[in-house]
Amino acid sequence: MVRRDTAGSLYRTVWRWHFYAGLFVLPFILILSVTGSIYLFKPQIDRWEERTYRGLSLDGAVTPDQQLGAVLTTYPTGRFNSYRVPEAPGDAAMIELIFFDGAKLDIFVSPQGKLLGGRDPASKLTETIANIHGSLLLGKWGDWLVELAASWTIVLILTGLYLWWPRPLRAAGTLYPRLNLRGRPLLRDIHRVTGFWIAGLVLVMLASGLPWAGAWGSGFRWVRSELGLVNGPQSWKVGADGKQAPPAVEAVHDHSAMDTATPSSMAGSALPAGLPLAAFVAKAREQEMPPPVVVVPPHAIQRFGPPTGKDWTVKSETQNRWLARQVTFDAETGAETARRGFADQHVVDRIVNTGVAWHEGQLFGLANQIIGVITALGLIAVSILGAVMWFKRRPAGAFGAPPTGRAPGLGMMTLILVLGLLLPLFGVSLLALLFLDRAGAYLRHRFRQLGDSLA
736 MVRRDTAGSL
746 YRTVWRWHFY
756 AGLFVLPFIL
766 ILSVTGSIYL
776 FKPQIDRWEE
786 RTYRGLSLDG
796 AVTPDQQLGA
806 VLTTYPTGRF
816 NSYRVPEAPG
826 DAAMIELIFF
836 DGAKLDIFVS
846 PQGKLLGGRD
856 PASKLTETIA
866 NIHGSLLLGK
876 WGDWLVELAA
886 SWTIVLILTG
896 LYLWWPRPLR
906 AAGTLYPRLN
916 LRGRPLLRDI
926 HRVTGFWIAG
936 LVLVMLASGL
946 PWAGAWGSGF
956 RWVRSELGLV
966 NGPQSWKVGA
976 DGKQAPPAVE
986 AVHDHSAMDT
996 ATPSSMAGSA
1006 LPAGLPLAAF
1016 VAKAREQEMP
1026 PPVVVVPPHA
1036 IQRFGPPTGK
1046 DWTVKSETQN
1056 RWLARQVTFD
1066 AETGAETARR
1076 GFADQHVVDR
1086 IVNTGVAWHE
1096 GQLFGLANQI
1106 IGVITALGLI
1116 AVSILGAVMW
1126 FKRRPAGAFG
1136 APPTGRAPGL
1146 GMMTLILVLG
1156 LLLPLFGVSL
1166 LALLFLDRAG
1176 AYLRHRFRQL
1186 GDSLA
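For the sequence shown, the working numbering assigns the number 1190 to the last residue and increments by one with no breaks.
In short, the hints are calculated from the structure, not lab data.
Fair warning: this is a prediction, and the values are worked out from it, not measured in the lab.
Some hints could be false.
Said to hold, decoys possible - Restraint-style ranges between C-beta atoms, simulated for each label pair:
#: 1; residue 1: Gly1146; residue 2: His1180; range: 27 to 37 Å
#: 2; residue 1: Val769; residue 2: Leu1168; range: 20 to 30 Å
#: 3; residue 1: Phe1099; residue 2: Gly954; range: 27 to 37 Å
#: 4; residue 1: Leu873; residue 2: Arg1085; range: 27 to 37 Å
#: 5; residue 1: Leu914; residue 2: Gly1135; range: 24 to 34 Å
#: 6; residue 1: Gly935; residue 2: Tyr1177; range: 32 to 42 Å
#: 7; residue 1: Leu1166; residue 2: Arg1020; range: 54 to 64 Å
#: 8; residue 1: Tyr1177; residue 2: Ala857; range: 41 to 51 Å
#: 9; residue 1: Pro1130; residue 2: Pro1026; range: 53 to 63 Å
#: 10; residue 1: Trp783; residue 2: Gly1146; range: 46 to 56 Å
What the hints assert, rightly or not - Cross-link-like lysine to aspartate or glutamate pairs, in silico, EDC-like; alpha carbons within 20 Å at most:
#: 11; residue 1: Lys849; residue 2: Asp794
#: 12; residue 1: Lys1018; residue 2: Asp1172
#: 13; residue 1: Lys1018; residue 2: Glu1052
#: 14; residue 1: Lys1018; residue 2: Asp800
#: 15; residue 1: Lys859; residue 2: Asp841
#: 16; residue 1: Lys777; residue 2: Asp841
#: 17; residue 1: Lys1018; residue 2: Glu1071
#: 18; residue 1: Lys849; residue 2: Glu785
For every residue, glycine included, the Cβ atom is placed at its ideal position computed from N, Cα and C.
Could you build all of it, start to finish, from the sequences and the hints given here?
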């Protein structure tokens, strides 16, 4: 009997924290699930956004060097930073310029060398969705808030699995809902069963997003680099400010390595002596890399890591990071100087990049996207059902939080400590909540004593 009472008390304690975690993360789950589901289809959205630059006529097509020359003539203060190879014949090329203040501009050029339009890379629809998803458009504070919500969602899932565990063991109401029930019992069955089936997918989705988060990602980056576990730059950003803001162009380009006798039409590009851009575009096509494929000149700014070296770089920026690879070529001779793919990365980076590809819905193509949407819809359904059950159970005029149980035992305290260390924002917020909970209980007790004394 004592054991049953103890187990029941622990159940109430876990239920209480599950309840509070669910209330806190509910608005974030709705926002992140919707924006995340949209971002899963980034390749399709990007193609739709660029639909007017695809399927153009090839009559009178010019070379990539002439396309670049037309761009630099219109933007003489810009510096050539990359050339995106057209995905299909008739598609426009995209040339990225970088200016002396660090600003970037993507310019679409027709096969005939006509400038079709330009945009700030940050203005893309998928970039806006990603910023909402990653930081709620609130910068570093928003990034921390999203990480805090993700950390508490992990706790929500783990406590939910504890509450889900059947007592006694049975399939009905555990693996499938009992549809003969009505009202709140039916909602509870759907909540429990749906939560169980999506729990693993949600945990993988949340864990794969932590390397991007500000606090967790910064700590991981420190462990990765400062402890010497992995050499080389990481290929993912960290936090809301993780996108590398390029410094002034003069500070990152080695002008001594450049040919000072470049043609006037290329004056802003600072291209080195040697083979023309067209030669490396041809090499890019020979590699048959998955799109998007970019050709990067020497000493160019990259999204991740330091500027490129003295060689030309051809690389695939596909979101399926298992397929991403890059090859570098000597600027003078065009000879291959290095090649790097997924298998060449450290095992730590391979694990993280696999998680990134899964998180973005590109590891297994459409199947990955569909699984991601199902996971998000299931999480939304479970969260809304939890809120509805609270409203149905909540007494009139009361908050309706589950009753307080006994303090967690050694095993539970150890688990909480481990989670607090692995999820630092969760640990800090838990300490703050415990303090507020104790302070609130003390104040309620004192007010009751004061009321009794006055009575």
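Unmet hints by their number, sorted upward, for this structure: 12
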